[in-house]
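Taking the hints into account, I'd like the entire structure generated from these sequences.
Following my numbering, the numbering of the sequence shown begins with 489 at its first residue and continues without gaps.
These aren't lab readings, by the way, just hints derived from the structure by calculation.
Built from N, CA and C at the ideal position, the CB exists for glycine as well.
Hints should not be assumed to be uniformly reliable.
[Said to hold, decoys possible] Below, a list of computed lysine-lysine pairs in the DSS-like style, where the Cα atoms sit at most 27 Å apart: (1) Lys836 with Lys677; (2) Lys496 with Lys837; (3) Lys591 with Lys576; (4) Lys576 with Lys836; (5) Lys677 with Lys496; (6) Lys693 with Lys836; (7) Lys693 with Lys677; (8) Lys677 with Lys547; (9) Lys693 with Lys837; (10) Lys693 with Lys496.
[Said to hold, decoys possible] Distance ranges between label pairs, derived from CB positions: (11) Lys677 with Gly580: 50 to 58 Å; (12) Ile767 with Leu671: 14 to 22 Å; (13) Ile537 with Val509: 27 to 35 Å; (14) Tyr810 with Leu679: 27 to 35 Å; (15) Tyr595 with Thr506: 54 to 62 Å; (16) Met834 with Phe594: 54 to 62 Å.
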Amino acid sequence: MNNSLFDKYFPEIVVTFTIAVFVVSLFAMKSVIFPFFAAMASAYITFPIFEFFLRLFKKRQVAAVLTVVLILVAILGLILVILPALIKQIEGFIDYLPVLTSKIDFYFSKYLGKRLFAGRFNPDNVKSVFSLIYQNFSINNSMTVAALVQKIFSGVFSIASIAINIVVIPLLSYYILVDWENLRDLYLKLLPREHRAETAVLLDKVNDSLSGYIRGQLLMAFLVAVYFSITLTAVGIRYSFLIAVVAGIMNMIPYVGFFTGFVPSLLLAIFDNGDLFHIVAVVIVFLSEAALENVIYPMVMSRTTGINPLLIFFAIFFGATYGNFLGIIVAVPVVAMILPVFDSFMMKKEMEV
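Laid out in structure tokens, this is it:
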């Protein structure tokens, strides 16, 4: 009976075991496994681009080289253009916080007859809190791209290994793109012959779930960030780029991205710009974004069944608690991989009844 059940659920067992081994290895041997994880992630995300070049040039090596070049260009653009601009706005926002809180306090005192912060804390203390957080990501109280990278990957890479992996990860990405089909076939050949076909079908379902979710969410995050950056800048909201980037990243968590961008934008429109035009403009910007997202989101995410928002929140909090920064990165992708396996298991279970 046990052997019968094992054979019946063999694909689900072996795929779940593979996922578990990979996750445990990633956390147990970060410095060894992380370069492979980063290379696999970059190759996986850019695989549609690789397929485009493959159709164009008919050679996997050429397509892989061009894809890796695009990855390097994107990384250089992030380091040389986006991060410095973001850091500059973060520094400006921290300096502006006491002014903003003082304005909020003044308006409450003027229109409600009661000061919001009086007797509780000094507005300068708000800046002190953010400055303390900021200093944890800085060297000599000055934020640099190098310091940010060093802090984010603390415990994963040393400075020397970061430099080495800037070269190693693109090379690994190249070989993964070239040998992707062979790696999949090798994995299946390690399994008993009678289970290969069914396991291959389950792997395809896992791949569709993971690729659809990750690529779709990254595309939506990018589109949201670009839209908010352009529209809020056009409206004249201070720190629009910072708000847009944070809102785009947080948009991968259902409902959070909208409010992450809307609340600070509205506060700045009221207490910084201080006129009806900017308040109405901010409301229009975010309502139009919500309407556009309702149209675009189903098209971008059409290949996935979606993940329950509560499950996403749980995965992120679980990953943050037990895996810190790395845990946050891998939490939702792991859920996206597990769901098709669970659905397959439940389908077989229901067929028994």
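To see whether the hints hold, each was checked on the structure:
1. Lys836 with Lys677: Roughly 24 Å separates the two Cα atoms, so the pair holds.
2. Lys496 with Lys837: 10 Å, holds
3. Lys591 with Lys576: 23 Å, holds
4. Lys576 with Lys836: Violated, at roughly 55 Å.
5. Lys677 with Lys496: Holds - the C-alpha atoms of Lys496 and Lys677 are around 19 Å apart, at most 27 Å.
6. Lys693 with Lys836: 15 Å, holds
7. Lys693 with Lys677: The hint holds at about 19 Å.
8. Lys677 with Lys547: With a Cα-Cα distance of about 25 Å, the restraint between Lys677 and Lys547 holds, given a limit of 27 Å.
9. Lys693 with Lys837: Holds, at roughly 18 Å.
10. Lys693 with Lys496: 18 Å, holds
11. Lys677 with Gly580: 50 to 58 Å: 57 Å, holds
12. Ile767 with Leu671: 14 to 22 Å: 54 Å, violated
13. Ile537 with Val509: 27 to 35 Å: Given a distance of about 29 Å, which is inside 27 to 35 Å, the answer is holds.
14. Tyr810 with Leu679: 27 to 35 Å: For Leu679 against Tyr810, whose Cβ atoms are near 30 Å apart, the range 27 to 35 Å holds.
15. Tyr595 with Thr506: 54 to 62 Å: 57 Å, holds
16. Met834 with Phe594: 54 to 62 Å: For Phe594 against Met834, whose Cβ atoms are near 58 Å apart, the range 54 to 62 Å holds.
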